[in-house]
Amino acid sequence: RQFTQDDAHIFCLNEQIEDEILKVIRLIDKIYGTFGFEYKMELSTRPEEKFIGSLEMWDNAENMLKGALASWGKPYKLNPGDGAFYGPKIDFHIMDSLRRSWQCATIQLDFSMPERFGLEYVGEDGERHRPVMIHRAIFGSFERFIGILVEHFAGNFPTWLAPVQVAVLPLTDSQLEAASAVHQALQQAGIRAHLETRSEKIGYKIRLAETRKIPWMLVIGAREAEENKVAVRRHGHGDLGQMSTPDFIGRIREEIATRALDLSHQPGGSEHRQG
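The numbering of the sequence shown is the numbering used here, which starts it at 1164 and goes up by one.
Because the hints were derived from the structure by calculation, they are not lab data. It cannot be assumed that every hint is accurate.
[To be verified] Each computed EDC-like pair below joins lysine to aspartate or glutamate, with the alpha-carbon atoms no more than 16 angstroms apart: (1) Lys1376 - Glu1359; (2) Lys1368 - Asp1336; (3) Lys1368 - Asp1402; (4) Lys1376 - Glu1314; (5) Lys1229 - Glu1178; (6) Lys1240 - Glu1205; (7) Lys1237 - Glu1205; (8) Lys1229 - Glu1183; (9) Lys1213 - Glu1181; (10) Lys1237 - Asp1192; (11) Lys1229 - Asp1182; (12) Lys1203 - Asp1259; (13) Lys1229 - Glu1181; (14) Lys1237 - Glu1201; (15) Lys1240 - Glu1225; (16) Lys1364 - Asp1336; (17) Lys1213 - Asp1273; (18) Lys1203 - Asp1192; (19) Lys1229 - Glu1205.
Work out the full structure, taking the sequences as your base and the hints as a guide.
This is the structure in structure tokens:
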């Protein structure tokens, strides 16, 4: 068994800790906001007994973490004594659509690794000094984050995240050629589209696409094929009327580029916003 973590390390001076921590917090906030996640922060401080480094070093580091959190301006929970033996840390707990809490992102100060690796830099005073290492992981475990994401959206992914973004549904086999042209245009525009080629009733095709939670459906009947248009349906919202293929592609590409979130499918949700 294994998992993949987006772990990265920042080496900095003691006086740079606060600024670097604040930069990572901003990055986490931007990424979680893109997915529509709310989060809570927890600061864990020096353990009572087993820890490395001086008390002065710990106090200084904890004050800098508190300073970064104060600059960020959002509330956080203090967990005295819950820090790692090698340094204090900030944990981020994301809230899914069912208001369950999941610990994902973490920012940890590490006094141990620079010591073990004998890392040094020459300061402005010409003397050698030991840098501080900052561990940071935004997603934590990728596998767990993806699982949380699936549950958060209940499979109703926003367009930019959906494995299949558009289902192209010909009304009958007579419209298959026109539907194929629309499908090709979507793919050339970089949109993940599926062409339904089975000889089934259109009601069945729509229900199947709805069951698969494909965000957009394009129905092409005789009228649409003749006028070079598509009948647009939105998952969970029904028929949205006719539109030309280029206009639809422009709308979808904008939705993908802005990472728009449709939260109306989430429990209690009715919001459509951009990430």
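Evaluated hints:
For the hint pairing Lys1376 with Glu1359, the CA-to-CA distance comes to about 15 angstroms; that is within 16 angstroms, so the pair holds. Between Lys1368 and Asp1336 the alpha-carbon distance is near 13 angstroms, which keeps this suggested pair within the 16 angstroms criterion. For a cut-off of 16 angstroms, the pair hint linking Lys1368 to Asp1402 stands: about 14 angstroms separates their Cα positions. With a CA separation close to 14 angstroms, the supplied pair Lys1376 and Glu1314 stays within the 16 angstroms bound.
For the proposed pair Lys1229 and Glu1178, the alpha carbon gap of about 14 angstroms is at most 16 angstroms, so the pair holds. Taken as a hint, the Lys1240 and Glu1205 pair is honoured in the structure, with Cα atoms around 5 angstroms apart against an allowance of 16 angstroms. For a cut-off of 16 angstroms, the pair hint linking Lys1237 to Glu1205 stands: about 11 angstroms separates their Cα positions. Only pairs whose Cα atoms come within 16 angstroms are accepted, and Lys1229 paired with Glu1183 is accepted, the gap being roughly 13 angstroms.
Our distance criterion of 16 angstroms between C-alpha atoms is broken by Lys1213 and Glu1181, whose separation comes to about 25 angstroms. Between Lys1237 and Asp1192 the alpha-carbon distance is near 11 angstroms, which keeps this suggested pair within the 16 angstroms criterion. Simply put, Lys1229 and Asp1182 have alpha-carbon atoms about 12 angstroms apart, close enough for the 16 angstroms limit, and the pair holds. For a cut-off of 16 angstroms, the pair hint linking Lys1203 to Asp1259 stands: about 12 angstroms separates their Cα positions.
Distance check on the hinted pair: Lys1229 and Glu1181 sit about 8 angstroms apart at the alpha-carbon level, within 16 angstroms; holds. A distance of roughly 12 angstroms separates the Cα atoms of Lys1237 and Glu1201; the hinted pair therefore holds under the 16 angstroms criterion. Proximity of Lys1240 to Glu1225 is assessed by CA-CA distance (about 14 angstroms); at most 16 angstroms being required, the pair is judged to hold. Among the hinted pairs, Lys1364 with Asp1336 is consistent with the structure: their alpha-carbon atoms are about 10 angstroms apart, no more than 16 angstroms.
With a CA separation close to 14 angstroms, the supplied pair Lys1213 and Asp1273 stays within the 16 angstroms bound. Distance restraint check for Lys1203 and Asp1192: the Cα-Cα separation of roughly 11 angstroms lies within the 16 angstroms cut-off, and the hinted pair is therefore satisfied. About 11 angstroms separates the Cα atoms of Lys1229 and Glu1205, which keeps this hinted pair within 16 angstroms; it holds.
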